[in-house]
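Participant: Sequence:
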Amino acid sequence: MEKVYKGLTRKEIEEQYMLRNTRPGYEITDIPRWQKLSTNFRAKTANKLDVVYGSYPRNKLDLFYPDNSPKGFILYIHGGYWQRGDKSVYNFIAEPFVKRGHSVAVMNYQMCPDVKLIEIAPQVRTAILYLWRNADCLGIPKNNFNLLGHSAGAHLAAEMLFTNWRELDHNLPTDLINAAVAISGIYDFEPILFCTENKGMRIDEEEAKAASTIYRQPTLNIPNIIAFGSNEPAELQRQSIDFAKVLSTDSNNTELIKINNADHFETVDTITDENSRLFAQTCKLFGLF
Numbered sequence: 000m001e002k003v004y005k006g007l008t009r010k011e012i013e014e015q016y017m018l019r020n021t022r023p024g025y026e027i028t029d030i031p032r033w034q035k036l037s038t039n040f041r042a043k044t045a046n047k048l049d050v051v052y053g054s055y056p057r058n059k060l061d062l063f064y065p066d067n068s069p070k071g072f073i074l075y076i077h078g079g080y081w082q083r084g085d086k087s088v089y090n091f092i093a094e095p096f097v098k099r100g101h102s103v104a105v106m107n108y109q110m111c112p113d114v115k116l117i118e119i120a121p122q123v124r125t126a127i128l129y130l131w132r133n134a135d136c137l138g139i140p141k142n143n144f145n146l147l148g149h150s151a152g153a154h155l156a157a158e159m160l161f162t163n164w165r166e167l168d169h170n171l172p173t174d175l176i177n178a179a180v181a182i183s184g185i186y187d188f189e190p191i192l193f194c195t196e197n198k199g200m201r202i203d204e205e206e207a208k209a210a211s212t213i214y215r216q217p218t219l220n221i222p223n224i225i226a227f228g229s230n231e232p233a234e235l236q237r238q239s240i241d242f243a244k245v246l247s248t249d250s251n252n253t254e255l256i257k258i259n260n261a262d263h264f265e266t267v268d269t270i271t272d273e274n275s276r277l278f279a280q281t282c283k284l285f286g287l288f
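Mapping of the sequence shown onto numbering that gives the first Met the number 0: position 244 corresponds to residue 243, and the numbering continues sequentially without gaps.
Don't take every hint at face value.
Simulated crosslink set (EDC-like; lysine to aspartate or glutamate; CA at most 20 Å straight-line) [what the hints assert, rightly or not]:
id : residue 1 : residue 2
1  : 283       : 272
2  : 5         : 135
3  : 47        : 135
4  : 257       : 272
5  : 43        : 66
6  : 47        : 29
7  : 244       : 272
8  : 208       : 196
9  : 115       : 196
10 : 10        : 196
11 : 2         : 234
12 : 35        : 94
13 : 35        : 11
14 : 35        : 13
15 : 47        : 13
16 : 2         : 204
17 : 70        : 135
18 : 43        : 26
19 : 35        : 268
20 : 283       : 254
21 : 141       : 66
22 : 198       : 11
23 : 70        : 273
24 : 2         : 196
25 : 5         : 241
26 : 98        : 272
27 : 141       : 174
28 : 208       : 234
29 : 5         : 205
30 : 35        : 85
31 : 70        : 85
32 : 5         : 234
33 : 5         : 273
34 : 10        : 26
35 : 2         : 14
36 : 115       : 135
37 : 283       : 14
Restraint-style ranges between C-beta atoms, simulated for each label pair [stated by the list, open to error]:
id : residue 1 : residue 2 : range
38 : 273       : 112       : 45 to 51 Å
39 : 276       : 138       : 43 to 49 Å
40 : 32        : 168       : 20 to 26 Å
Note that these hints are calculated values from the structure, not bench results. Model, not experiment: these values are computed from the prediction. Yeah, the Cβ is synthetic: ideal placement off N, Cα and C, and Gly gets one too.
Please model the complete structure; the sequences and the hints are all you need to start from.
Facilitator: Okay, structure coming up:
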């Protein structure tokens with residue numbers, strides 16, 4: 000069979016990148032469990048829900064607050080192959096961080112095929128600009144502003160490391176973002192051209208190259224964690240390893256974490272596992288200890 004990408008055939012790429020097929024039951028097991036955790040969390044935590052930050056219908060975010068004045072802030076960006084997912088499912092991610100004194104926002108964004116892939120990262124920038132400019136009235140601190148994302152959200156969080164905030168607004172500090180954690184992300188989109196997930200994403204070669212952070216040098220030199228699961232497909236693991244090399248070329252600000260015994264969906268739970276290395280290092284990075 001014809002090799003189409005790094006020695007892989009279309010069939011092999013499908014096996015590596017069609018992540019829902021690696022554990023087909025997650026939508027009837029994990030998602031309902033996450034929804035229940037999120038519902039319970041919303042019911043007991045101070046919050047502002049469906050805060051509008053931009054012009055697209057899905058440009059809304061949920062904000063959660065600790066009991067006392069927050070020590071820092073985290074923006075969480077959910078996954079779903081840039082086509083699926085909703086903040087209401089992932090509100091539970093905020094709980095252990097809120098418990099430790101940070102305010103947390105969980106955001107939605109307009110997804111493919113409603114918008115092009117390269118039109119999603121600008122929505123995250125819009126959310127960050129909104130949060131920053133309205134921090135005082137929203138009750139969130141500016142001096143410890145962090146990013147956290149999983150899967151598609153990992154790529155979108157990583158995109159922010161390639162943003163010159165002063166170009167967007169000369170009143171913004173260059174060090175607007177304190178730190179970022181990206182988990183189980185895709186940073187090279189060329190193989191997606193040969194995966195059936197592209198039926199919804201509809202990217203071509205030009206857009207795949209434009210969206211790929213792996214071919215660029217970051218604008219921001221800030222502490223970051225790139226993490227992946229040991230049970231994820233080999234290609235997903237390689238994506239994180241290769242991207243960590245890009246980020247660590249000129250600094251030692253990047254920590255690469257391999258999450259033992261976790262597949263692509265189990266790494267979501269590791270984010271909030273207070274006994275995990277990922278959680279401990281994330282807390283350290285975000286100033287929670």
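Participant: Hinted pair, alpha-carbon criterion (20 Å max): residue 2, residue 234. Please report holds or violated.
Facilitator: Holds. Residue 2 to residue 234 sits at ~15 Å (cutoff 20 Å).
Participant: CA of residue 98 to CA of residue 272, is that 20 Å or under?
Facilitator: Cα-Cα ~13 Å, so holds.
Participant: Checking one constraint from the list: CA of residue 35 to CA of residue 11, max 20 Å. Satisfied?
Facilitator: violated (35 Å)
Participant: Measure nothing beyond the straight line between the CA atoms of residue 283 and residue 272; if it is 20 Å or shorter, mark the hint as holding.
Facilitator: holds (14 Å)
Participant: Verify the proposed pairing of residue 10 with residue 26, using a straight-line Cα cut of 20 Å.
Facilitator: Violated, at roughly 23 Å.
Participant: If you draw a straight line from the CA of residue 2 to the CA of residue 196, is it 20 Å or shorter?
Facilitator: Given pair residue 2, residue 196 holds - Cα atoms ~19 Å apart, limit 20 Å.
Participant: Taking 20 Å as the top limit, are the C-alpha atoms of residue 70 and residue 135 close enough?
Facilitator: OK: residue 70 and residue 135 at ~14 Å, within 20 Å.
Participant: Is it true that the CA of residue 47 sits at most 20 Å from the CA of residue 29?
Facilitator: violated (25 Å)
Participant: Could you grab the alpha-carbon distance between residue 257 and residue 272 and see if it respects the 20 Å cut-off?
Facilitator: holds (15 Å)
Participant: Quick one, are residue 115 and residue 196 close enough, alpha carbons at most 20 Å?
Facilitator: holds (14 Å)
Participant: Taken at face value, is the distance from the CA of residue 234 to the CA of residue 208 at most 20 Å?
Facilitator: holds (17 Å)
Participant: Check the following: the C-beta atoms of residue 273 and residue 112 are separated by a distance inside 45 to 51 Å.
Facilitator: violated (38 Å)
Hints 2, 6, 7, 13, 14, 15, 18, 31, 33, 34, 36, 37, 38, 39 and 40 from the earlier list are contradicted by this structure; the remaining hints agree with it.
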